[in-house]
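Trainee: Here is what each chain is made of, one letter per residue.
Protein chains: 2
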Amino acid sequence: MSQFVISSNAYKGTRDFYPYESIITNSDSIDLQIYQSYIFYKFKETLLARGFIEYSSSVIESIEPFVKKSGGDLGGKQLYNFTDKGGRDICLRPELTLSVARMIANKFDNLRFPLRWFSIDNCFRYERPQKGRSREFWQAEIDIVGLEAGPSDLELFVVSLKIMESFGAKENSYRVMYNHRLLLEDWIQINNWKDYKVRIYKILDNWLKLDRESNLKLLEEFLSVEDTMKIVMTIEKTGSPWDEYLNLSKKYKELILVNDYITNNNLNENIYLTPVIIRGQEYYTGFIFEIFDNDINNNRSLFGGGRFDNLLDLYGKKIPAVGFAPGDLPVFEFLKNWKLLDNYENFEVWKIVNYPHKVGIVLSTENKVFQLFNDLIPNLVSQNKTFDIDYDYERNTKKRRENLMKRGCKEIIEL
Amino acid sequence: MSQFVISSNAYKGTRDFYPYESIITNSDSIDLQIYQSYIFYKFKETLLARGFIEYSSSVIESIEPFVKKSGGDLGGKQLYNFTDKGGRDICLRPELTLSVARMIANKFDNLRFPLRWFSIDNCFRYERPQKGRSREFWQAEIDIVGLEAGPSDLELFVVSLKIMESFGAKENSYRVMYNHRLLLEDWIQINNWKDYKVRIYKILDNWLKLDRESNLKLLEEFLSVEDTMKIVMTIEKTGSPWDEYLNLSKKYKELILVNDYITNNNLNENIYLTPVIIRGQEYYTGFIFEIFDNDINNNRSLFGGGRFDNLLDLYGKKIPAVGFAPGDLPVFEFLKNWKLLDNYENFEVWKIVNYPHKVGIVLSTENKVFQLFNDLIPNLVSQNKTFDIDYDYERNTKKRRENLMKRGCKEIIEL
Numbered sequence: 001m002s003q004f005v006i007s008s009n010a011y012k013g014t015r016d017f018y019p020y021e022s023i024i025t026n027s028d029s030i031d032l033q034i035y036q037s038y039i040f041y042k043f044k045e046t047l048l049a050r051g052f053i054e055y056s057s058s059v060i061e062s063i064e065p066f067v068k069k070s071g072g073d074l075g076g077k078q079l080y081n082f083t084d085k086g087g088r089d090i091c092l093r094p095e096l097t098l099s100v101a102r103m104i105a106n107k108f109d110n111l112r113f114p115l116r117w118f119s120i121d122n123c124f125r126y127e128r129p130q131k132g133r134s135r136e137f138w139q140a141e142i143d144i145v146g147l148e149a150g151p152s153d154l155e156l157f158v159v160s161l162k163i164m165e166s167f168g169a170k171e172n173s174y175r176v177m178y179n180h181r182l183l184l185e186d187w188i189q190i191n192n193w194k195d196y197k198v199r200i201y202k203i204l205d206n207w208l209k210l211d212r213e214s215n216l217k218l219l220e221e222f223l224s225v226e227d228t229m230k231i232v233m234t235i236e237k238t239g240s241p242w243d244e245y246l247n248l249s250k251k252y253k254e255l256i257l258v259n260d261y262i263t264n265n266n267l268n269e270n271i272y273l274t275p276v277i278i279r280g281q282e283y284y285t286g287f288i289f290e291i292f293d294n295d296i297n298n299n300r301s302l303f304g305g306g307r308f309d310n311l312l313d314l315y316g317k318k319i320p321a322v323g324f325a326p327g328d329l330p331v332f333e334f335l336k337n338w339k340l341l342d343n344y345e346n347f348e349v350w351k352i353v354n355y356p357h358k359v360g361i362v363l364s365t366e367n368k369v370f371q372l373f374n375d376l377i378p379n380l381v382s383q384n385k386t387f388d389i390d391y392d393y394e395r396n397t398k399k400r401r402e403n404l405m406k407r408g409c410k411e412i413i414e415l
Numbered sequence: 001m002s003q004f005v006i007s008s009n010a011y012k013g014t015r016d017f018y019p020y021e022s023i024i025t026n027s028d029s030i031d032l033q034i035y036q037s038y039i040f041y042k043f044k045e046t047l048l049a050r051g052f053i054e055y056s057s058s059v060i061e062s063i064e065p066f067v068k069k070s071g072g073d074l075g076g077k078q079l080y081n082f083t084d085k086g087g088r089d090i091c092l093r094p095e096l097t098l099s100v101a102r103m104i105a106n107k108f109d110n111l112r113f114p115l116r117w118f119s120i121d122n123c124f125r126y127e128r129p130q131k132g133r134s135r136e137f138w139q140a141e142i143d144i145v146g147l148e149a150g151p152s153d154l155e156l157f158v159v160s161l162k163i164m165e166s167f168g169a170k171e172n173s174y175r176v177m178y179n180h181r182l183l184l185e186d187w188i189q190i191n192n193w194k195d196y197k198v199r200i201y202k203i204l205d206n207w208l209k210l211d212r213e214s215n216l217k218l219l220e221e222f223l224s225v226e227d228t229m230k231i232v233m234t235i236e237k238t239g240s241p242w243d244e245y246l247n248l249s250k251k252y253k254e255l256i257l258v259n260d261y262i263t264n265n266n267l268n269e270n271i272y273l274t275p276v277i278i279r280g281q282e283y284y285t286g287f288i289f290e291i292f293d294n295d296i297n298n299n300r301s302l303f304g305g306g307r308f309d310n311l312l313d314l315y316g317k318k319i320p321a322v323g324f325a326p327g328d329l330p331v332f333e334f335l336k337n338w339k340l341l342d343n344y345e346n347f348e349v350w351k352i353v354n355y356p357h358k359v360g361i362v363l364s365t366e367n368k369v370f371q372l373f374n375d376l377i378p379n380l381v382s383q384n385k386t387f388d389i390d391y392d393y394e395r396n397t398k399k400r401r402e403n404l405m406k407r408g409c410k411e412i413i414e415l
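Taken in sequence, the protein lines are chains Y and E. For the first sequence, counting from 1, position 376 maps to 376 in my numbering; every step adds exactly one. For the second sequence, counting from 1, position 294 maps to 294 in my numbering; every step adds exactly one.
Identical copies look the same in the list; a pair holds intra-copy or inter-copy alike.
Think about it this way: if two alpha-carbon atoms lie no more than 25 angstroms apart in a straight line, the pair counts; the simulated SDA-like pairs of lysine to any residue are:
| id | residue 1 | residue 2 |
| --- | --- | --- |
| 1 | 77 | 7 |
| 2 | 12 | 123 |
| 3 | 209 | 333 |
| 4 | 250 | 276 |
I should point out that these hints are in silico values taken from the structure, not numbers from a laboratory.
Take these sequences, add in the hints, and give me the full structure.
Mentor: This is the structure:
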């Protein structure tokens, strides 16, 4: 057809997903090919079991809300934006939260709140592809919409813990830190740090990435030694500064619920309140949390979330919401790190879905084609068995049987 | 957050998919919200049962292959193309076939052929949105790759029939026409019509859209009355012209297999060979078929496919392939037309997947939250029951129970 040979590489930073069974290669690259469907299968299993239902939105959005909402990189140099052939400024969504907000706003009066919704979809950001980051990435957006702060914060938080459990992650392999935006405000106010709020938030947000000394120095640039130590002691959970923070937290019902849940389940080692969880520039309005890999060489955030009662503000509507949006790659890196992908084949449900009983059919002559399509296959289908057919009747039968076994057939029928 | 209220409409020609259970509205719009997941659920069920496995590729592709392969509208004014921030000319894929070709070419030596592969994904074309067409549409790409013409043509053809059956479509609601690109060439050659080949193909391709007289006139513009009648009689399956066409078809093993399958299953009324199936500009190389709605007011093509042994030519590789790519909207229009969506709730598997046993939990006091999360929910999850929680303990219990029933709960537990 064409004289020119075109490159068959996927667009830089995007990924093709090959079916596991088709690849002849070592297990390393098999993991890479299939991990995503495994990860999201586990997500879906947990979410559907807990009353969440799935929706979906288009990958194309108007650029307007991203420019207005996020500004900065997300609405700017990281945005995959272009002008369509009708002159509309559109983009490939860089995140899923705005799409769910738009969908809810669009049918606000026709929806039965509260919503327990999730979607699993792709997003695009123009970044340098690196470990744990690619230009196209897949995220699950998980939200409870329409419930004020209270038990729903705990419900969502438990969902995130159950997702970690579903992968077989041991408690000591990760830690969960939580905090509250309004508690932070109270703390700033009571200590008369209002003028330094932005600077303090920035240092707290970055705290886990620097060592103690560097953080101290940054605080002492504008705070007294006493105030600096007060912050450090709160972070280190010692003395009266920490007691004060803990006391302030009692004002928020959802923090009491989360704290009691952790205590009742003896999870205090692994899950704790701390002022260093800020969740950056994102517009959270209450409870916030983040899950980190415990590997000291690999101290990354897996995902986080929280309450954002301003979800629909851009669309002129008001509704409370709490949610989180874990991506595929950080979860994959965590699972790989703790060798939780090595035995994914042992997960029973995963096996049933992906490795049903497959029968290999060795056709001995073309005359058998009707027996194949009219008798054998309908029979197999009715028994919930799937099949693979070798039509190559001129070839050696033993070779053909072996080939079908290699392709995953558990049983061979000669026809 | 923002003073400006942004429109919450989806980008023109794209669709949001709301979960069925969340919508308070009439059944018409419910159909529209949920039909796609139902349609593709049925596709998947048939395909997985018949040994096909799923893959997935990115929505972004280089524009190069589309410009080279398709030219015309698909590589031009219909293409959603743009330049990324690194200067690469990319597009949102207008079809899925090129992506699967690229993926196979990219791992050509690492794949275990034959492949029975499918993907279900979105494509974009800049067109005026209309009935059965939108700018974003979803397609299933279904291929057998690595098998020469023969039983695999019949296998794929049977898959397409089984998909129609899976929706409960009656035999008289659609017809299936098939043909063969090389048979057409033989026919043109034997009748000495080589100089008119392009014009004849064009008229045949358009035959079903015009009446008999108009088609006759178009042929008589360049053919003798005898030749014109020869073509018409072949199309109308009468006299020696039709016998000649039928005889020519015997040269192709796959046509014999398909014909015998139809005869053995008494499907001749519904499924037949005809020269009017051309499949337009597409690069088929052998067996081709197309399925049409039988409604005289709505005489549309649902989908079609065939053999394209040139699948990987653009990437400098050679491999035989046969496939088809049904879209969601034409199938939806057909199902709506024949009232096959009215009782989608009756499909047992669909019900099991989408309507599991849901328990409504009425929380009587906040103190019960731990009993809820530590006892009741783990217990329900272990029984494969899903749940919905009403935390609103200050509200009237009867109202709360009713509300949970409306939200699809089959059973109410007060805690």
